[in-house]
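Line order of the protein sequences matches chains A and B.
Each number in my numbering corresponds to the 1-based position in the first sequence with 224 added.
Each number in my numbering corresponds to the 1-based position in the second sequence with 11 added.
Quick caveat, the hints were computed from the structure, so don't treat them as lab data.
The beta-carbon is built from N, C-alpha and C at its ideal position, and this holds for glycine as well.
Please note that the accuracy of each hint is not assured.
[Unchecked claim] Far from chain B, by Cβ distances over 10 Å, these chain A residues were calculated:
id, residue
1, Ile252
2, Lys272
3, Pro275
4, Gln279
5, Leu280
6, Arg283
7, Val292
8, Ala307
9, Ile330
10, Ala340
11, Glu341
12, Arg349
13, Asn353
14, Ile361
15, Val375
[As the list claims (entries may be wrong)] Derived lysine to any residue pairs resembling SDA-like cross-links, with alpha carbons at most 25 Å apart:
id, chain 1, residue 1, chain 2, residue 2
16, A, Lys242, B, Leu52
17, A, Lys345, A, Lys242
18, A, Lys345, B, Ala37
19, A, Lys345, B, Pro26
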Amino acid sequence: MEAALDNPLLTADWASAKWLWWIGLYLILGMFVPWTMTRTWAHQHRSKVRPTLGQLFQRGELGLAGLVLAISAMWDLQNSQYAPQTLAVGSVILALSGIMAGAVWIEGYCRHSTGAEIHPKRVWRDSRNLAFLILSIAGVAEILLDRFTKVMRL
Amino acid sequence: MSAPAPALFPAQYHPVKIRLSDPAAAAAWVSLVFGMVLVFLPVSFPHMIVENWQNGRLIPAMIFLTALLNGVIYLRAAHLRSAKPGLLTSAWLGALTVGTVVGFSVLLDAAILHEQSKLIPNSQALVNEEILAHTYWGLISGIFLPYLVIRFTQTLNFQTKVD
Numbered sequence: 225m226e227a228a229l230d231n232p233l234l235t236a237d238w239a240s241a242k243w244l245w246w247i248g249l250y251l252i253l254g255m256f257v258p259w260t261m262t263r264t265w266a267h268q269h270r271s272k273v274r275p276t277l278g279q280l281f282q283r284g285e286l287g288l289a290g291l292v293l294a295i296s297a298m299w300d301l302q303n304s305q306y307a308p309q310t311l312a313v314g315s316v317i318l319a320l321s322g323i324m325a326g327a328v329w330i331e332g333y334c335r336h337s338t339g340a341e342i343h344p345k346r347v348w349r350d351s352r353n354l355a356f357l358i359l360s361i362a363g364v365a366e367i368l369l370d371r372f373t374k375v376m377r378l
Numbered sequence: 012m013s014a015p016a017p018a019l020f021p022a023q024y025h026p027v028k029i030r031l032s033d034p035a036a037a038a039a040w041v042s043l044v045f046g047m048v049l050v051f052l053p054v055s056f057p058h059m060i061v062e063n064w065q066n067g068r069l070i071p072a073m074i075f076l077t078a079l080l081n082g083v084i085y086l087r088a089a090h091l092r093s094a095k096p097g098l099l100t101s102a103w104l105g106a107l108t109v110g111t112v113v114g115f116s117v118l119l120d121a122a123i124l125h126e127q128s129k130l131i132p133n134s135q136a137l138v139n140e141e142i143l144a145h146t147y148w149g150l151i152s153g154i155f156l157p158y159l160v161i162r163f164t165q166t167l168n169f170q171t172k173v174d
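The following block holds chain A by itself, in its conformation from the complex (with noise of 0.2 Å):
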């Protein structure tokens, strides 16, 4: 059993950071880009609004980011080679996991549509734990495929 482990294959290489870049477009392309995005358009309509990443995810929009990152991960946990336990537990986590991040966003948008009582603060930090939840998930997700699909291999 110790010997099976004791595979170069499985060793640390650049190839195996291909889920870091993955993590990194998520977070890139649904976070940067969209507060890059607001400083452009002050910028071109000469205002000063000048929203932080708290401000400008304030209604928990992240949250709905975080369910659309896991259903990611689900997807390539389904395409596995795992046994279907595995694949079940890791489904329900993540799904859990997403849903009660877009859980927060429609919470948030029911309260402000209704006009009852809401907490910017809250709602940002609900849902930026979650997402952060579900990337940490995803991330971790991807680095045990990846082994699996070296072991897999061998």
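Dock chain B against chain A, hints included.
Below, chain B alone, put in the same frame as chain A:
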């Protein structure tokens, strides 16, 4: 009419209102650390996990770790919201944590049987990867799922009281 004397109205009991962002942040950090250790120690870390699983120490260690983390998260939430930790919620949280991790160990056994039934030369390596994956999912679920259940329980209780 004068205000009532504070002594006649003792401080009302405020249960700890759980928000999912508390366990989510903790689980995210645990996940990040797990991922980093896996990247920088790709052989020795899985080796340690598999060895502990063989010795029967993995599940008790996971129960201890998740229960400890959940206790810290719960007490921190109580402190931040100036609420009193309830005995019933604490017991329920503990039971859910243990139940989740033990449930995952049962699923791991089923996954191992599945991999062994493949009858391929490297099935042992696949079993090791299954143990690694289930350890990860078990840790994250042990932190997140109990709070998810408690959150729903609290929401249902609140709605029942409102109705």
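- Query: Broken hints, numbered, in rising order?
  - Reply: 8, 12, 13, 14, 15 and 17
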